[in-house]
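*Asks:* Chains W and A, in that order, give the protein sequences. Going left to right, the first sequence walks through residues 1 to 316 as this note's numbering numbers them. Going left to right, the second sequence walks through residues 1001 to 1115 as this note's numbering numbers them.
It is worth saying that the hints were derived from the structure and are not from the lab. Be careful, since some hints might not be right.
[Stated by the list, open to error] Covered by chain W, per the in silico footprint, the following chain A stretches (three or more residues, Cβ under 8 Å):
| hint | stretch |
| --- | --- |
| 1 | 1008-1014 |
| 2 | 1020-1033 |
[Unchecked claim] Far from chain A, some chain W residues (derived; all Cβ distances over 10 Å):
| hint | residue |
| --- | --- |
| 3 | G64 |
| 4 | L88 |
| 5 | G214 |
| 6 | I244 |
[To be verified] Over the 10 Å line for every Cβ pair with chain W, so calculated as not near, a few chain A residues:
| hint | residue |
| --- | --- |
| 7 | A1017 |
| 8 | T1040 |
| 9 | T1043 |
| 10 | K1051 |
Even glycine gets a Cβ: it sits at the ideal position worked out from N, Cα and C.
Each chain is listed here by its residues.
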Amino acid sequence: MLIASILLGALAVILAWPVPVLLAGARWQSRSPAVALVLWQSIALAGGLSMIGALLTFGLAPFGDDLVGSVAALVTAAGGTGGVPGELQFWHLLALAGAVLLGGHLLLNLVITVLRSEAQRRRHAQLVSLLSSPMEHSPGARILDTPAPVAYCLPGPFRSITVLSAGLVSLLDAGELEAVIEHERGHLSQRHDIVLILFRAWHASLPWFPIAYGAQLQVARLVEMLADDRARRVVDDATLARAIALTGTAVPAVAESAVRQVGGPEPGTLLEVTERIRRLERLPNPLPRAANGAIIAAAVALIAVPTALLVAPALA
Amino acid sequence: MATLGELERAVMDLLWAREESQSAYQLQEQLTGRELAATTVLTVLSRLEAKGFVERERSSRPHRYRAVASREDHMATLMHDVLGGATDRTAVLERFVGSVTPEDAEALRRLLGPR
């Protein structure tokens, strides 16, 4: 199992650093954002799996060749001696403790992030329900009575809402409004909130790890492109680009008067907005089908390889 | 047919419209054209109280109700969620366009060109 451990460790290192850095710089992402999004998820999952797996297989090495069998052997040995089995040396114990701590840490952060977001979402939805009125001819959309031109969607487990402000409605023409609504519908129907929350939890677990934050930003960017592509099905590219630019130019003026204690804008926001507009101006061709297929296959392999290394008994 | 959410909004609008606290009966009278049972108004009020939007004066009989915070205060909280810079707060919603600085807006305006 030592070989499996070394291979998993190597995979963990590759997935933690060079692979995300390379992918973050890859231009093709804006050509096939959906495929890129799958790949990011696979990298994150496979990275965590191989990191925990490397520690686990190393710690369990004295107990046999496969994971299930060695866990059983460890339990039997621990039960027999009533303490730490003699086969386990200091380094094995350290690795096992590391695996348990890391796994627990990642899971706990996921649970905390989900619970906290859900509490905030519910409170926000309550406020929206009191301060907005339903939008005519647009089920699921509500108009917020404020001059700030904002639009967003609030995904919920049962009912999701799209919120537009009165300021936005007066700023945009009918086509541009349709673009905004369809963009938000894209977020909701493709459940982007779930992908975003996973990456937010990952970053929350590893706040000192710049790659995790970078991945979160990349995923947020891809999700916007996907929602834009959804909007492009109902409006032309120029209308959507205008809606993005108009909203972007109008936000800061009112943001300061509407909100006194706002923190600074999020880093990279302008980059994201201009990138979206540029993408609409010169829309790149989607990747060829074969390339998309190859990337999806790579994403599947990334999950399959560490799983196989963990359960395959013959690798010792 | 008004939903519970729409009723809550109507009741809050009435409470926001006046400084002083009001009884359920007073509120029921103002909700004209809806023909609501008094119990419905009380249900709506207790839901709003549970959510922390309304407080009840228990010293008076019948109980009187008032809004905990003004409409403007709630709107400010909401806009803070929407426009606020802290990623954690804006995490629950997906904005069409995030907050941009005035300089960013100028750059966007150039990008936009004449409309």
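*Asks:* Would you mind marking each hint as holding or not holding in the structure?
*Replies:* Structure-based check of all given hints:
1. 1008-1014: Check passed, 3 qualifying residues.
2. 1020-1033: violated (count 0)
3. G64: holds (44 Å)
4. L88: Given a closest Cβ separation of 41 Å, the condition holds.
5. G214: Since the minimum Cβ distance to chain A is about 14 Å, G214 of chain W lies beyond 10 Å and the statement holds.
6. I244: violated (6 Å)
7. A1017: The assertion about A1017 of chain A holds, with a minimum of 14 Å to chain W.
8. T1040: holds (17 Å)
9. T1043: Consistent with the label, T1043 of chain A stays out of reach of chain W, its closest Cβ about 16 Å off (over 10 Å).
10. K1051: violated (5 Å)
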